[in-house]
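Colleague: Chain by chain, the residues:
Protein chains: 2
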Amino acid sequence: MTTHQEGSSSPRPKATRQRAAIAQALATAPGFRSAQELHDELRAADHKVGLTTVYRTLQALSESGAVDAMRREDGETIYRRCDTQIHHHHLVCRSCGYTVEIENEAVERWTQRTAEKHGFEDVTHDIQVFGLCDACSPE
Amino acid sequence: MTTHQEGSSSPRPKATRQRAAIAQALATAPGFRSAQELHDELRAADHKVGLTTVYRTLQALSESGAVDAMRREDGETIYRRCDTQIHHHHLVCRSCGYTVEIENEAVERWTQRTAEKHGFEDVTHDIQVFGLCDACSPE
DNA sequence: GTTAGTGCAAATGATTTGCAAACAG
DNA sequence: CTGTTTGCAAATCATTTGCACTAAC
Numbered sequence: 196m197t198t199h200q201e202g203s204s205s206p207r208p209k210a211t212r213q214r215a216a217i218a219q220a221l222a223t224a225p226g227f228r229s230a231q232e233l234h235d236e237l238r239a240a241d242h243k244v245g246l247t248t249v250y251r252t253l254q255a256l257s258e259s260g261a262v263d264a265m266r267r268e269d270g271e272t273i274y275r276r277c278d279t280q281i282h283h284h285h286l287v288c289r290s291c292g293y294t295v296e297i298e299n300e301a302v303e304r305w306t307q308r309t310a311e312k313h314g315f316e317d318v319t320h321d322i323q324v325f326g327l328c329d330a331c332s333p334e
Numbered sequence: 196m197t198t199h200q201e202g203s204s205s206p207r208p209k210a211t212r213q214r215a216a217i218a219q220a221l222a223t224a225p226g227f228r229s230a231q232e233l234h235d236e237l238r239a240a241d242h243k244v245g246l247t248t249v250y251r252t253l254q255a256l257s258e259s260g261a262v263d264a265m266r267r268e269d270g271e272t273i274y275r276r277c278d279t280q281i282h283h284h285h286l287v288c289r290s291c292g293y294t295v296e297i298e299n300e301a302v303e304r305w306t307q308r309t310a311e312k313h314g315f316e317d318v319t320h321d322i323q324v325f326g327l328c329d330a331c332s333p334e
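Protein sequence lines correspond, in order, to chains A and B. If you count by the working numbering, then the first sequence holds residues 196 to 334, one letter each, in order. If you count by the working numbering, then the second sequence holds residues 196 to 334, one letter each, in order.
Hints in this document: simulated from the structure, not taken from any laboratory. All values derive from a computational prediction rather than experimental measurement. Note that CB positions come from ideal geometry on N, CA and C, so glycine has one too. Watch out, some of these pointers could steer you wrong.
[To be verified] Only some residues are given here: those of chain B computed to face chain A with a beta carbon under 7 angstroms:
1. L246
2. L286
3. T294
4. I297
5. W305
6. H320
Using the sequences and the hints, build the whole thing.
Modeller: As C-alpha cells, then:
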C-alpha cells in the first residue's frame, strides 16, 4: 500500500511561470483585488496568464491560507496576501477600496462566547466594516 | 416643473396580489431563504408569482428595512422578515441553517469608533458568525 | 386612462468545468 | 515519459434587464 506521508496537507503545487507571476503580483501591490482585476494587472505587466488560472490559483492560495479572501458588497470575491497569520478583519472604503486591517480581542471573544452560549461549535466569524475613507468623503 | 413632495422616502408601493403573497410567506415561515427558495415556496402554495417579481420585491423590502438580507457563504443572498428594528447580526448553523439573532452594543460601538478613527464616514458593518448548532454537532 | 407592477425570455457577469495542448519533475 | 497545470471556449448560476402586458388607483 502506498502509505507515504500524506496528511490533509496539500499535495504541493508545481512551480509554474504563472503561479510565480500571481504570487509576485500579490506580494508587490498591497490591497485587495478581484480575480479579474489581478488578471488585468498581470496582462498589463506583460505576463500572459489565463483568467481561469488566476481563479484556480487564488482559490488554492486561499484554501492554504496564503491569501485572505473576502466578498465585496457587490458580490465579487477579492483577495490579498495575508501579512499576518493573526486573525483580523477589514475596514473597507466603499468607494475606492482602500482597506485597513482591524482587530479587537474583545470582539473575537464575544463572537466565540456568544456562539457557544447558544450551543454552537466549530465557530468561525466574519466581520466587515464599510464606509467612505476621508479621501472619498464628500467634503 | 413637477415638484411635488418627493423626499428621499419611498414612493409607496402598490398593493398587489404577489406582493401580499410574498409578505405572507415571509411572515409565516421564520428562517432565512433565498429568492429562489421563496419562489419555490410560493409556487408550492399555489401562488403564481414570477421569479423576477420575487427578486424585485425582496430587494425593495430589503431597502426599506422591512426584511433583513445577508449573503450566505456560497454567495447567494438570503432574506428574512425583520422582527426587530434594532440593529443585530446573525449566528448561523453552517449545516442546517438554524439562525439566532445576536447583538452587542459594545461591538457596535467598536466598529463605529474604529472606522472613525481611521477617517471613515457613513459607516456600516456586517458581522456573521457561523458554526455548528448542537443538533448538528458530531456528538 | 396612466402609471406602476408583473413576467417571460434574453442579457449579464462572476465563476466553473471540459478537454486538448504545454510543461514541470 | 507521466501526471499537472494551463487556457480557451462553453457551461453554470444567481441576478438583472428589455419590453409587452395587466392591474391599481
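Colleague: It remains to establish, for every hint, whether it holds in the given structure.
Modeller: Here is how each hint holds up against the structure:
1. L246: violated, 18 angstroms
2. L286: holds, 6 angstroms
3. T294: The hint is violated - B/T294 has no Cβ within 7 angstroms of chain A, the shortest such distance being about 10 angstroms.
4. I297: holds, 5 angstroms
5. W305: holds, 6 angstroms
6. H320: holds, 4 angstroms
Of the hints listed earlier, those the structure fails to meet are numbers 1, 3, in rising order.
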